[in-house]
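Just so you know, the protein sequences line up as chains A and B, in that order. According to the working numbering, numbering within the first sequence proceeds without interruption in unit steps and concludes at 300. According to the working numbering, numbering within the second sequence proceeds without interruption in unit steps and concludes at 126.
Errors might be hidden in some of the hints.
Said to hold, decoys possible - Here are the in silico distance ranges between beta carbons for each label pair:
#, chain 1, residue 1, chain 2, residue 2, range
1, B, 80, A, 229, 52 to 58 Å
2, A, 214, B, 84, 38 to 44 Å
3, A, 214, B, 27, 33 to 39 Å
4, B, 30, A, 300, 15 to 21 Å
5, A, 189, B, 30, 30 to 36 Å
6, B, 80, A, 215, 36 to 42 Å
Since the hints were made in silico from the structure, they are not lab data. We put the beta carbon where it would ideally sit given N, CA and C, even for glycine.
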Amino acid sequence: EAQVTQNPRYLITVTGKKLTVTCSQNMNHEYMSWYRQDPGLGLRQIYYSMNVEVTDKGDVPEGYKVSRKEKRNFPLILESPSPNQTSLYFCATITSGRGEQFFGPGTRLTVL
Amino acid sequence: DAKTTQPPSMDCAEGRAANLPCNHSTISGNEYVYWYRQIHSQGPQYIIHGLKNNETNEMASLIITEDRKSSTLILPHATLRDTAVYYCIVGNYGQNFVFGPGTRLSVLP
Chain A
189 EAQVTQNPRY
199 LITVTGKKLT
209 VTCSQNMNHE
219 YMSWYRQDPG
229 LGLRQIYYSM
239 NVEVTDKGDV
249 PEGYKVSRKE
259 KRNFPLILES
269 PSPNQTSLYF
279 CATITSGRGE
289 QFFGPGTRLT
299 VL
Chain B
18 DAKTTQPPSM
28 DCAEGRAANL
38 PCNHSTISGN
48 EYVYWYRQIH
58 SQGPQYIIHG
68 LKNNETNEMA
78 SLIITEDRKS
88 STLILPHATL
98 RDTAVYYCIV
108 GNYGQNFVFG
118 PGTRLSVLP
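Use the sequences and the hints to build the structure in full.
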């Protein structure tokens with residue numbers, strides 16, 4: 189079954205404690221992306237990757253890092269989380285050509 | 018800022034067609050119009066996309082005006098399960114996709 193998986197699904201942490209949210213896809217898609225969703229603001233793109241070792245900033249990259257060492261994985265790294273990064277995070281991939289995005293189930297992060 | 022403008026909410030009677038408008042007056046020549054929907058806090062679900070021509074699939078129809086400055090998503094026979102937030106996005110292959118607040122569609126029995 190084609191899917192995008194994220195781990196963890198829920199996380200409560202404290203300010204300054206480094207964390208990583210993993211994203212994995214089994215569709216062999218080249219493009220992957222991270223979004224955050226906050227009430228009233230829709231989804232905003234954090235980073236995206238067009239292929240292995242190629243990453244670019246989206247609209248709200250500050251405070252985040254990503255890496256793309258292999259095609260299937262695209263982890264989101266928060267080196268020093270702050271309360272304003274409390275949000276719902278989605279990972280997504282895109283099919284080549286059609287541009288249809290497949291979204292993961294989301295990770296709800298709370299930073300105290 | 019989102020490159021699209023949508024009404025914040027709409028109601029539709031079950032079984033009737035739901036017509037969701039979207040304005041994208043600054044769309045570039047190589048940008049597509051995409052529609053997604055999100056039910057509760059699940060990951061958004063792709064519905065349909067188009068460049069210039071009208072498009073139809075098993076879920077919906079997309080009507081794009083000739084000047085490409087606006088479009089309408091049509092759900093031909095809305096059901097209660099179509100209650101969701103619908104997002105209209107313009108972009109090209111996922112670069113700088115901006116999901117605005119969308120339209121909250123309520124399908125009423």
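Okay, the hints, checked on the actual structure:
no.: 1; hint: B/80 - A/229: 52 to 58 Å; result: 28 Å, violated
no.: 2; hint: A/214 - B/84: 38 to 44 Å; result: 41 Å, holds
no.: 3; hint: A/214 - B/27: 33 to 39 Å; result: 36 Å, holds
no.: 4; hint: B/30 - A/300: 15 to 21 Å; result: 45 Å, violated
no.: 5; hint: A/189 - B/30: 30 to 36 Å; result: 35 Å, holds
no.: 6; hint: B/80 - A/215: 36 to 42 Å; result: 30 Å, violated
Hints 1, 4 and 6 from the earlier list are contradicted by this structure; the remaining hints agree with it.
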